[in-house]
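Taking the hints into account, I'd like the entire structure generated from these sequences.
Protein chains in written order, with this note's numbering: chain U, 1000 to 1648; chain X, 33 to 402.
I should point out that these hints are in silico values taken from the structure, not numbers from a laboratory. For glycine and all other residues, C-beta sits at the position ideal for the given N, C-alpha and C. One or more hints might be untrue.
Claimed, not checked - One side of the interface only, derived from the structure: several residues of chain U facing chain X at Cβ under 10 Å:
1. R1011
2. V1015
3. Q1378
To be verified - Restricting the straight-line Cα-Cα distance to at most 25 Å, the calculated cross-link-like pairs of lysine-lysine (DSS-like) are:
4. K1010(U) / K401(X)
5. K1087(U) / K1106(U)
6. K1198(U) / K401(X)
7. K1366(U) / K1468(U)
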Amino acid sequence: MKRVSQVTVRKRLVTVFILAAIFFIIMSFRLGYVQFVIGDMLTEKAENLWSRDIRLKPERGRILDRNGEALVENVSAPSVSVVPRQIKNPQKTAEQLAEVLNMSVEKAYERVTAKASVQDIKPEGLKLTEEQAIKIQELNLEGVYIAEDSKRHYPHGEFLSHVLGFTGIDNQGLAGIELYYDDKLKGEEGALSFFSDNKGHKLKDIAEIYTPPEDGLDLKLTIDERIQTIIDRELDLAESKYNPDGALAIVMDPDTGEILASDSRPDFHPGNFREVDAEIYNRNLPVWSTYEPGSTFKIITLAASLEEELVDLQEDEFTDPGSIEVGGARLRCWKSGGHGHQTYLEVVQNSCNPGFVTLGEKLGKEKLFSYIKDFGFGQKTGVDLHGEGKGILFDEEDVGPVELATTSFGQGVSVTPIQQVTAVSAAINGGYLYEPYVAKEWLDPVTGEVLEKTEPKVKDQVISEETSKEIRHALESVVAKGTGRGAYVDGYRVGGKTGTAQKVGEDGGYMDNNHIVSFIGFAPADDPEIVVYLAIDNPKNTVQFGGVVAAPIVGTIIEDSLRALDVKERKEGLAKEYQWPDQPKVEVPDLVGLSTKDLQQFLTNLSIDSEGEGEYIIEQSPAAGKMVEQGSTVRIFLSDEKPKNDSNE
Amino acid sequence: MFRQGQRRKKAPDYTLLIVIFMLLLVGVVMVYSSSAIWSSYKFDDAFYYAKRQLLFAFCGLMAMYFIMNVPYQKWREYSNIILIVCFLLLIAVLIPGIGMVRGGARSWIGVGAFSVQPSEFMKIGLIIFLAKLLSDKQKYITSFKKGFVPSLLLVFVPFGLIMLQPDLGTGMVLVVTCFIMIYIAGGRISHFMGLGLLGLVGFAGLIISAPYRISRIKAFLNPWEDPLGDGFQIIQSLYAIGPGGLMGMGLGQSLQKFFYLPEPQTDFIFAILAEELGFIGGTFVILLFFLLMWRGIRVALAAPDLFGSLLALGIIGMVVIQVFINISVVIGLIPVTGITLPFISYGGSSLTLTLLSMGILLNISRYAKI
Chain U
1000 MKRVSQVTVR
1010 KRLVTVFILA
1020 AIFFIIMSFR
1030 LGYVQFVIGD
1040 MLTEKAENLW
1050 SRDIRLKPER
1060 GRILDRNGEA
1070 LVENVSAPSV
1080 SVVPRQIKNP
1090 QKTAEQLAEV
1100 LNMSVEKAYE
1110 RVTAKASVQD
1120 IKPEGLKLTE
1130 EQAIKIQELN
1140 LEGVYIAEDS
1150 KRHYPHGEFL
1160 SHVLGFTGID
1170 NQGLAGIELY
1180 YDDKLKGEEG
1190 ALSFFSDNKG
1200 HKLKDIAEIY
1210 TPPEDGLDLK
1220 LTIDERIQTI
1230 IDRELDLAES
1240 KYNPDGALAI
1250 VMDPDTGEIL
1260 ASDSRPDFHP
1270 GNFREVDAEI
1280 YNRNLPVWST
1290 YEPGSTFKII
1300 TLAASLEEEL
1310 VDLQEDEFTD
1320 PGSIEVGGAR
1330 LRCWKSGGHG
1340 HQTYLEVVQN
1350 SCNPGFVTLG
1360 EKLGKEKLFS
1370 YIKDFGFGQK
1380 TGVDLHGEGK
1390 GILFDEEDVG
1400 PVELATTSFG
1410 QGVSVTPIQQ
1420 VTAVSAAING
1430 GYLYEPYVAK
1440 EWLDPVTGEV
1450 LEKTEPKVKD
1460 QVISEETSKE
1470 IRHALESVVA
1480 KGTGRGAYVD
1490 GYRVGGKTGT
1500 AQKVGEDGGY
1510 MDNNHIVSFI
1520 GFAPADDPEI
1530 VVYLAIDNPK
1540 NTVQFGGVVA
1550 APIVGTIIED
1560 SLRALDVKER
1570 KEGLAKEYQW
1580 PDQPKVEVPD
1590 LVGLSTKDLQ
1600 QFLTNLSIDS
1610 EGEGEYIIEQ
1620 SPAAGKMVEQ
1630 GSTVRIFLSD
1640 EKPKNDSNE
Chain X
33 MFRQGQRRKK
43 APDYTLLIVI
53 FMLLLVGVVM
63 VYSSSAIWSS
73 YKFDDAFYYA
83 KRQLLFAFCG
93 LMAMYFIMNV
103 PYQKWREYSN
113 IILIVCFLLL
123 IAVLIPGIGM
133 VRGGARSWIG
143 VGAFSVQPSE
153 FMKIGLIIFL
163 AKLLSDKQKY
173 ITSFKKGFVP
183 SLLLVFVPFG
193 LIMLQPDLGT
203 GMVLVVTCFI
213 MIYIAGGRIS
223 HFMGLGLLGL
233 VGFAGLIISA
243 PYRISRIKAF
253 LNPWEDPLGD
263 GFQIIQSLYA
273 IGPGGLMGMG
283 LGQSLQKFFY
293 LPEPQTDFIF
303 AILAEELGFI
313 GGTFVILLFF
323 LLMWRGIRVA
333 LAAPDLFGSL
343 LALGIIGMVV
353 IQVFINISVV
363 IGLIPVTGIT
373 LPFISYGGSS
383 LTLTLLSMGI
393 LLNISRYAKI
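Right, dumping it as structure tokens:
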């Protein structure tokens, strides 16, 4: 048996000592790791554990129009919270609270006995009326607190609802501008934090930390409350007169891309958005809806042709036989029998489809589609509103002669209203395509100082100043002499273009007697201040033509808006010439038996006032053959059945 | 009366004595600081624990002073009786009605405040007996049958009794201390390796037999998975240490002692110490324990005989292993194991027994051949 020597014992003692010393070092390193490396993380978590916050709510930023008129403000709406630890008699407290707050006692009991240092009573205890708040205060319940809070108030009611959007129970933005700019509007919650022990008692030796709430910034929109009021009124009138499926209007400053007004029907009150279908508040039609633009789109074809110098409006001429053959298909003009021999300026005035087909053919598909894209179609405009549509263009590979032809007069493409307004603004402002926007300035809520300002953003110059000037002239003549006569305003040189677009039904084909009638107008034509687009979806009790329904409304909007904006009336120049001082009398045509589709050709020098509903005209007044002044009104009566004694057939 | 041994008796190791006094001082101060909130809440007396700790420290010091003057060879003479008494106490504590349950373990015996933990006595009793056994039969130590197995039996019977309470922490201290003693005495490394394998199996068995141990290990690996359950203690401990930083929050400024860290004056007192006194305070205490170990092993090296060496080593090993386990738990190095920090944690049995054993160590230092 081997004896264990004294040396072995000593050696082993030293080994144990060294190993233990190493472990002492490891422990020191680990202590340093906990205190230095992960110390900050642990401190942050620990402070969360120790601190109790009384949340202090910021005031949400107001929304103002461009002149400082409040569109959305805040009103006091107190809320109630409870501190369960301080409630001695939860059952009684719950009963009393439940009565004032219109909630079940069980639910109230649950809240007042919650395991939390401070408990909100949600949602019944939020946004109380003054009356409820006073009642609760009078109850003088221990552990029940009334906290200052606010809710949104809309002094103009349903006004601008789609743009403004609305907020939820916690004042969080849920739609529209309120959502898009929620981060800036909502501000920063503040808190009164104090350290507490694990039983919820405040630790007296440690100072409270007060973090003041930071109120949200006030937002000044590009919207002009006066113009918005005008389109609001006009849309209401149109709604009651035509009982349409929908209606929308946009007003833009063509020199900046600022949206001055935007509205649509059906609308809603932002404070009661739950009372309408989600479809209504989710769809901001001026940016969301996409449909065939119809003739308003001809402005783009015109702009492209002029820019490419393919046509001289005064010199070049075109004879419209009533239809044009393209790729084996026959495309009809809206005027049966055609417009006959015209200059290209008259082609524009008459909105002659075959004439525009020839322009499209001269351009060719590459050029036409390149202009369409340059004008911003087929992509979002980038407006600062939610839910913007892109529209649909033909795939260029799929474009044959027929698709080229229909595109050139606005069929077979699908665009949004905001795209049209932006594109037409570019066509008439000297060629500059702007990015449309509604948020103009961010203001300090206290001082009113401008903290941030949106500068107009030019995306591209798509046509030359020269071409733009020609377009203004051509479109002015459309209003003075052509299909846009209804928009004529004495003193303001209005330019514009009608549009009557067929809607595609569920079966994929065009629907009968169901059109979106529209008009896009601008004024004054020498230096446009505003561009107005108006579209009415399926107006009833009328012939569905843009020139009949939409143009007069746009005329009114332009006149009232320019007066509101203090734009000087134009006395000189072109406008006067279009007054037609020596108008020859015209013969009233025989309209009985015609379809409403054939009616538009007579509208160049007569107005139509229709009654009843249907496709066919069964009676007219005055009778056919009578001589009347140009511009007189002919009353017609409509029916679904063709009159039997039809002599025109 | 003038025997040879006594004539060689010198003064005890003053460095060791100073270290012990400093640790005691830190302990009493920290027991007061960490328990003040809890004891005012529970007993309406901020000094409740501090006063008692001071009393225990005083009794312990008296015992230490007395024992310091008892020649350590006496323990060799009485080792059999001591061991038997310890065994009886350890068995008695398991009997319901005699043993009292605190914190889930039946570890206390006695009446109310005057209660002791027999396992604490067993640790010192076993160290004395093992030191005698190993020094008497050192020639057999390399033999598996005659040396290793009997020593193991001696260790594992009390370990088994302690695990019946159950008290894994104290059991581990006991086993590891005894193993080190056997190793120092000359036990074969190959025997230990075989035992190590067996130990792994046994450890696995222990873990499987008590599901709370699995969840403790899981909580150790990721305490934030169950922050209110098994991860609770280690998270609360780290929340104390982390914010301490370099300098600490200042004596008395702990926030975790405000009912966040449960009973902060016992097992987790080092967390509060690191919170209030920072890295500097924490490493200072670690350094004190290192000095304690150094002086202790120095005594073991210089002891006049093998019994003295093994006894000194056993005593210092017992204290240092307890320090390792406690601090490692608190700083998150190993899973939670309930054990106090010697000299510093609140607790009468623990403190008195520690000081008593320091008395033995100091006495051995008086015979050191340096």
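Quick rundown of the hints versus the structure:
At a threshold of 10 Å, the smallest CB-CB gap from R1011(U) to chain X is about 5 Å, leaving the interface hint in force. Taking 10 Å as the C-beta cut-off, the interface hint given for V1015(U) holds, the closest approach to chain X being about 6 Å. Because the beta carbon of Q1378(U) sits about 47 Å from the nearest beta carbon in chain X, more than 10 Å, this interface hint is broken. Taken as a hint, the K1010(U) and K401(X) pair is honoured in the structure, with Cα atoms around 17 Å apart against an allowance of 25 Å.
Under the criterion of a C-alpha separation no larger than 25 Å, the hint pairing K1087(U) with K1106(U) is consistent with the structure, at around 18 Å. With a C-alpha separation of about 58 Å, the suggested pair K1198(U) and K401(X) falls outside the 25 Å cut-off, and the hint is violated. For the hint pairing K1366(U) with K1468(U), the CA-to-CA distance comes to about 21 Å; that is within 25 Å, so the pair holds.
When the structure is compared with the earlier hints, violations turn up for hints 3 and 6 and for no others.
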